[in-house]
Amino acid sequence: DAGITQSPRHKVTETGTPVTLRCHQTENHRYMYWYRQDPGHGLRLIHYSYGVKDTDKGEVSDGYSVSRSKTEDFLLTLESATSSQTSVYFCAISGGLDNEQFFGPGTRLTVL
Amino acid sequence: AQSVTQLDSHVSVSEGTPVLLRCNYSSSYSPSLFWYVQHPNKGLQLLLKYTSAATLVKGINGFEAEFKKSETSFHLTKPSAHMSDAAEYFCVVSLLKAAGNKLTFGGGTRVLVKP
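Quick note, the sequences are listed as chains A and B, same order. Each number in this note's numbering comes from the position in the first sequence (counting from 1) with 427 added on. Each number in this note's numbering comes from the position in the second sequence (counting from 1) with 1 added on.
Honestly, I wouldn't trust all of these hints.
Straight-line distance between alpha carbons at most 27 Å, and here's what the computed DSS-like set of lysine-lysine pairs gives [what the hints assert, rightly or not]: (1) Lys-59/B <-> Lys-103/B; (2) Lys-497/A <-> Lys-59/B; (3) Lys-484/A <-> Lys-43/B; (4) Lys-103/B <-> Lys-480/A; (5) Lys-50/B <-> Lys-484/A; (6) Lys-438/A <-> Lys-497/A; (7) Lys-484/A <-> Lys-438/A; (8) Lys-103/B <-> Lys-484/A; (9) Lys-438/A <-> Lys-43/B.
The set of hints was computed from the structure by calculation and includes no laboratory data.
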């Protein structure tokens with residue numbers, strides 16, 4: 428398995444609170460991605476990074492921000508969590524443009 | 002723009018019988034296509050990928066998929082289902098850009114295997 432971990436694995440929080448999810452990799456891959464998974468929608472891209480301090484938006488980026496200060500870490504922040512952000516969040520990494528993406532184990536987030 | 006449609010949200014098969022999961026895609030460019038599998042409460046695992054080489058692609062665990070450009074399809078098949086194949090399957094199209102490999106997922110097909 429690719430060396431990719433996510434923390435926390437489960438989190439319950441309240442509406443309006445900030446939340447940060449962490450993705451950590453040991454593969455030294457350039458590309459990192461954050462997705463959310465909701466029933467019937469597959470996975471949808473939130474944000475991605477193509478290098479340290481280089482990030483871009485995906486298709487569902489509203490309400491989320493990201494940061495990548497080191498190659499190995501990619502943080503996803505919900506500045507003020509809402510119930511619509513209840514979901515399972517997956518991080519993925521890729522070594523190159525044409526390489527497959529390897530997925531982490533996921534974080535289940537519940538916003539009450 | 003690119004999109005992926007998985008034509009069946011649920012498929013039920015008996016153990017030992019063939020499995021067919023249907024996928025149609027739309028892409029403005031020559032696409033790369035993937036099938037991923039997700040077992041309950043697990044992350045996603047790559048089954049196979051098509052990147053403009055042979056149109057019949059073999060993957061892990063006996064799965065294969067055929068790329069048909071004229072039909073814009075990339076259906077996944079397995080000749081004989083096993084109980085361990087019960088999972089959710091995602092068809093994925095890739096848009097390669099200079100700043101990242103952006104994947105677009107289909108809605109998923111949940112496979113039930115009956116003994």
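To see whether the hints hold, each was checked on the structure:
no.	hint	in the structure
1	Lys-59/B <-> Lys-103/B	holds, 23 Å
2	Lys-497/A <-> Lys-59/B	violated, 37 Å
3	Lys-484/A <-> Lys-43/B	holds, 26 Å
4	Lys-103/B <-> Lys-480/A	holds, 18 Å
5	Lys-50/B <-> Lys-484/A	holds, 25 Å
6	Lys-438/A <-> Lys-497/A	holds, 24 Å
7	Lys-484/A <-> Lys-438/A	holds, 24 Å
8	Lys-103/B <-> Lys-484/A	holds, 10 Å
9	Lys-438/A <-> Lys-43/B	holds, 17 Å
Against the hints set out earlier in the document, a violation occurs for number 2 only.
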